[in-house]
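**Q** For chain F, the structure is supplied; the task is to place chain R on it using the hints.
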Amino acid sequence: MPDQLSRLAAAVRTGATTSRSLVERALAREASARALNAVTSVTAAEALATADAIDAAARAGAPLGPLAGVPLLVKDNICTTDGVTTCASRMLPGYRSPFDAEAVRRLRQAGAVIVGKANMDEFAMGSTGETSAAGPCGNPWSAAHVPGGSSSGSAAAVAAGIVPASLGSDTGGSVRQPAAFCGVVGVKPTYGTVSRRGLVAYGSSLDQIGPLATSVADAALLLSVIAGHDAGDATSAAQPTPDYLGGLTAGVQGLRVGVPRALLASGVEPAVLAEVERAAAILEEAGARVVDVALPHAPVAAPAYYILATAEASSNLSRFDGVRYGHRTGDAADIDELYARSRAEGFGPEVIQRILLGTYVLSAGYYDAYYRKAQQVRTLIIDDYRAVFAACDVLLTPPSPSTAFRTGDASRDPLQMYLADIFTVSANLAGIPAMSLPMGLDGQGLPTAVQLSARAFREPVLFQAAAELERRRGALPSAPGYTLFDGADA
Amino acid sequence: MAIETRTVHAVATLARIDLDRLDPARVQGMVEQLSRVIGWVEQLSSVDTSDIEPTAHPVDLAMRLRDDVAVPGPGADVILRNAPHSDGSSFLVPQVVEEDTDA
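Those protein sequences? They're chains F and R, same order as listed.
All you need for the numbering used here is the position in the first sequence, starting with 1, plus 6.
All you need for the numbering used here is the position in the second sequence, starting with 1, plus 2.
Next comes chain F alone, as it looks inside the complex:
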């Protein structure tokens, strides 16, 4: 169903269905899919009360927003005043935010009903969904494979039909990679498009909240709701939000699609590479022109990203000290012990590892060799994109060199995980928009996907190309044993 969200909202507005029935459906779906562990907390009472208020407004003929009565999940690092925001960490059990994130405020204003929080890698650090203190999240497509991360639950919940759409956050691919692994659409907007106020910070120059949905139209609608300037975020873009929906049926005639063939020549699974070529052929047949482009610094994007992201994280996560919120050790004689023990006890291993790396690269004597060097490489990556987008309108790559990784792989090498981020981290370093679009299934029955990127604030052309690709690609099956959320049986 290409425009599920507007269809559901229209049904609520006209009284063809009720928000209560949609929310009850989402809650029932969550309960029956509990084995996936896609959801860390549910706010059933608040969600049902909100739904009833929306239904009453609909009956009274009051004007309702574009997401009227639609149940959604948001990642557990996005603050909500109802329920808790835990970042899937033992550091923040039971944390109750004093305010809604700006993106959540906009969702509620548009009539959406937040039914709970989605599981994630702890503090958004991970690409498998396995670092969560709430336990690993499953992939609806295969019990033997991870859903990706860090927005693991946001992607798995949409693929399992618990909700029709969700919000995630993307610092180095954390919306796009799980979207790809779970067969849903995921968007990392241009830096500054969505306010970061109320998103628990990981890498402040990289983080963006983004939508996950079952179609390009739904993702575009959700982004149009959450995008826009916010005086509460100094890095929020002060320009008008472009029209994301108008170009969805415009086609791709004359559009230039860049494919970095030299970069894709090694290290990419054949099934993944084949989907990139198939997408290029589909777009070409639809009237686009495919051009070969070069991203000479892409191979060093991942190491540069890990220096910058962990450096920013080491600073951002210093706020978790056992004093104002979060875990506090029961065993401290003085303030220094209080900080150091609370943090050692509260953070999981991957988070500690990244804080240590970030602290190391910022420490005296190493700053120039690592941090400043990585910032210079960031400039080179931005320059690469400038050249690429002089030659094309949309860049086509895979989101990840492979389909979903196997679960619980004890021999998994963290360095291999970092390397697998090669196609996603560059968009965060450059601040440009990028999205993951499902294409089909590989030989193992796992979702395949392609990634589209564009110049900053050119989301409309991304959605335009993705919508054409989606139409010509055709309908895809839902995960075995699950159906997407359509509210039909609600």
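It should be emphasised that the hints constitute simulated quantities derived from the structure, not laboratory data.
Treat the hints with caution; some may be incorrect.
Ranges between beta-carbon positions, derived for each pair [claimed, not checked]:
1) R:HIS59 to F:ASP342: 26 to 34 Å
2) F:SER324 to R:HIS59: 13 to 21 Å
3) R:VAL71 to F:ALA16: 38 to 46 Å
We treat Cβ as the ideally placed atom computed from N, Cα and C, and that holds for glycine.
**A** Chain R only, in chain F's frame:
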């Protein structure tokens, strides 16, 4: 470059993380992992960055001024709701300043 265990402990002290609270085997795993990651990121040294300006932020940010108007916050009671220890108006921590014994 291999990172020594004592370097990791020194960094952990800077980061205010008490590694003695963790399983020693896990700490040893972290030392090895950090060594490998540092070795991996060192490939950046092969990139010619002479005369390249560093980028701290992906978009040009201009400081914007707003009217100097007080905006109400959530209130101390709401903020303190999340505090592990408070007396209702302040966060409580172990004593930081020693008492003046001469007084």
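**Q** Evaluate each hint against the coordinates.
**A** Results for each hint:
{"no.": "1", "hint": "R:HIS59 to F:ASP342: 26 to 34 Å", "result": "holds (33 Å)"}
{"no.": "2", "hint": "F:SER324 to R:HIS59: 13 to 21 Å", "result": "holds (20 Å)"}
{"no.": "3", "hint": "R:VAL71 to F:ALA16: 38 to 46 Å", "result": "holds (40 Å)"}
Consistency note: the structure conflicts with none of the earlier hints.
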